[in-house]
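Take the sequences, apply the hints, and build the full model.
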Amino acid sequence: MTSMLDQAKATLPFDIIGSILDQVAYAGDTKTLCVCSFISSDVLHLCRTHIFRTFDMRTKIASQEESILINYYYLLSVNPQLVRYVRHVHVLDLNPSHWVLNHPFLPRLLHLLTNLEIFGLHIMKSVSWKRFDFALQSSITELVARPSLVGLFLTGIEDVHPSVFNICSCLQSLNLISTSLEPPSNPDDREKESDKMELISSADGRRIYLEAVSFRNCQVFLTQLKEYMDTFKLSLDFSRLRDLNINFSPTTFDLTWKIIHSARTTLETLKISQSYTEESDYHAQAHAFMLSSRMDYHRQLLPNITLAPMQHLRELSFTIQISDLFEPSPRETLSEWCLLLKTAPRGLKNVHIILDLFFLYSGDVVGLFPVGKTRKSSKSRHEKPTLLSELDEALSSDQFFPSLSSIVLEVQLPEHHDNSSDSEYAGSYAYGDDPGPPPPSLTLEEVSASVRRMMKLTRNRLDNRGPFGVEGFTTLVGIGG
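Numbering (my numbering), first residue to last: 1 to 481.
In case anyone wonders, no lab produced these hints; they're calculated from the structure. Mixed in with the good hints there might be a few duds.
[To be verified] In silico DMTMM-like cross-links for lysine to aspartate or glutamate, where the CA-CA straight-line distance does not exceed 20 angstroms:
hint : residue 1 : residue 2
1    : Lys125    : Glu211
2    : Lys271    : Glu227
3    : Lys271    : Asp324
4    : Lys258    : Glu336
5    : Lys271    : Asp356
6    : Lys342    : Glu268
7    : Lys258    : Glu211
8    : Lys271    : Asp254
9    : Lys226    : Asp254
10   : Lys258    : Asp237
[What the hints assert, rightly or not] Simulated DEER-style distance windows between Cβ atoms:
hint : residue 1 : residue 2 : range
11   : Ser406    : Pro96     : 35 to 45 angstroms
12   : Ile20     : Pro96     : 38 to 48 angstroms
13   : Asp159    : Phe318    : 23 to 33 angstroms
14   : Gly478    : Arg53     : 28 to 38 angstroms
15   : Asn460    : Gly372    : 12 to 22 angstroms
For glycine and all other residues, C-beta sits at the position ideal for the given N, C-alpha and C.
In C-alpha cells:
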C-alpha cells in the first residue's frame, strides 16, 4: 500500500490528484478519501475539504439525532483544526419536544462554525422563533450575519423577525419551507419596534440581492412580505434572481407574480406551483387567476402576466392542479397555463410540467387518459380533442424549436389511486363521454402510454432534432404528491 502511494505521489501532478479527489468526493466515496489522505500533508488537506465539508443531519438515521448532534459537537471542539473545513451544515429536529432545538450544545456548535457558507435549520414540528432560547437566537443571528454565509435554509419556523434576514448582508440563496415572518406590529408598538429593528438591522442599510429563492408552503410569509417590503422593513431584493422556485395560493398569486416580474431581466430557472389550501372556497378560486377574460372563445391573460420579457429563461417548470371534472373542466384549467406557456421567450431549453390530480377520485382518471387510440368524431375526419391537445400543440410549435431539448411531463395521481385496470372499458372511454359508473382504475403504465399518445406532435419534434437513440420527452407517473 505504501509503495503505491509513494508512486502516485512521485508520478502524478498535484492538480491531477486534486481532480481525482474531486471525482471521488462527487461519488460519495468517503473511505477512499480517507485512504488517500495518507499520501502527503497537502493531499490530507484536500481530502479533509471533502470529508468535513458537509454535515447534514437530514441524511442520518432519524432515531439517532440526539447522539449525532453531541458527537459532532465533540468532534469539532476536540479537533478545532477541522472547523475551517466545515462549509455546509443542516440541523434537523424531528422530536415533537424539540430536543435538538433545546439542547445547550446547539448554540455552542453554531459559535464554532466560523467559515460556514450554507446553514439550514429544519424543524419538522413548527415552532415560533419567539420560543427559541436566547442563546440560540443570539448564535443564529451572529452566524447569519457573517460575510461567509451565502445560503440559508429554514423549515418550520414561525414568527421570524425581519431583522434576522436584514443582517444576512452577503446572502445569495434563501430557501424557506413552512416559515413565516413575525406579524407586523400594532400602531402602539411601532415606535418601540422601530428602535429594536435599528439595533439589529443591516449595518449599512444596503439591499440584499438574492440570486436563488425557494418558497414552499409559505403562504403566510408571502402575505406578510408585501407589507414589510412596502414599508422598507425588509432588505431582501428579488430583482437579480436567477433561480426561483415558488408555490402560491390563489390569494397570493399577485405578489408571487410581482416577485417573478421583478426578476424578469435575470431569471434563468422558474418553477411555479399552486399549493394546497384549506380555504373553503378553494374550487372557486383555484382557476382563472391569470385571466382577464374567461369567455370560452376570448380567454386571455391579464396584461402583466407574461414570460416574454424573460429573455434569459432556460428552464421552466409549473404544476397544474386539476381539481374538478366540470367547473372548471380539466381542459379549461390546462388552457390557462397553455396561454402562459405561449408567452415564453425563444431559447427555452427544458420544460417540466406536473399534472396534479390530488383532488380527483381514482375513477375520474380513466376519463382523462383513454387507453385505446384516440377516437375520431363522427362529424369530422379529425381526431377528437384530448386533455393534452392544446398543450401538445403549444409545445410542438416553432416558437420552442430548435432550442428546446427536454420535456418532462409528470402525472401525480390521486393518493388513493387503485393501480389496477379495465383496459377494455377504458379504451372506449374518451374525455368528455358519459359512460356511466366509472371503472376501477388504470395502471401507471397505461396512464404513461396514454400521455405519450396525446403528446405525439411534441414527441416527434423532439425525436427529429435530438441525437439518434436519445429521447427528449419523458413521462413520469406516480401516486400522490
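Quick check on a hinted range of 12 to 22 angstroms for asparagine 460 and glycine 372, using CB atoms only. The hinted range 12 to 22 angstroms holds for asparagine 460 and glycine 372, with Cβ atoms some 20 angstroms apart.
Can the restraint linking lysine 271 and aspartate 254 be considered satisfied, given a maximum Cα separation of 20 angstroms? Holds, at roughly 16 angstroms.
Whether the CB-CB distance between glycine 478 and arginine 53 falls inside 28 to 38 angstroms: Because 33 angstroms falls inside the window, the suggested range holds.
Would you check the hint for lysine 258 and glutamate 211, treating anything up to 20 angstroms between C-alpha atoms as holding? With Cα atoms ~16 angstroms apart, lysine 258 and glutamate 211 stay inside 20 angstroms; holds.
Outcome of range test on Cβ distance (isoleucine 20, proline 96; 38 to 48 angstroms): holds (45 angstroms)
Hey, lysine 342 versus glutamate 268, does the alpha-carbon distance stay inside 20 angstroms? Judged against 20 angstroms, a Cα distance of about 17 angstroms means the pair holds.
So if I understand the rule, the pair passes when the alpha-carbon distance is 20 angstroms or less; does lysine 271 with glutamate 227 pass? violated (24 angstroms)
For a C-alpha distance cap of 20 angstroms, please report whether lysine 258 and glutamate 336 respect it. The given pair, whose Cα atoms are some 19 angstroms apart, holds under the 20 angstroms limit.
Can you tell me whether the CB distance of serine 406 to proline 96 sits inside 35 to 45 angstroms? Since the Cβ atoms of serine 406 and proline 96 sit about 42 angstroms apart, the hinted range of 35 to 45 angstroms holds.
Check the hint pairing lysine 271 with aspartate 356 against an upper bound of 20 angstroms on the C-alpha distance. holds (15 angstroms)
For a C-alpha distance cap of 20 angstroms, please report whether lysine 258 and aspartate 237 respect it. Within the cut-off at roughly 12 angstroms; holds.
Is the hinted pair lysine 271 and aspartate 324 satisfied, with a Cα-Cα distance of at most 20 angstroms? This hinted pair is violated, its Cα atoms lying about 23 angstroms apart.
In this structure, the hints that do not hold are numbers 1, 2 and 3, in rising order.
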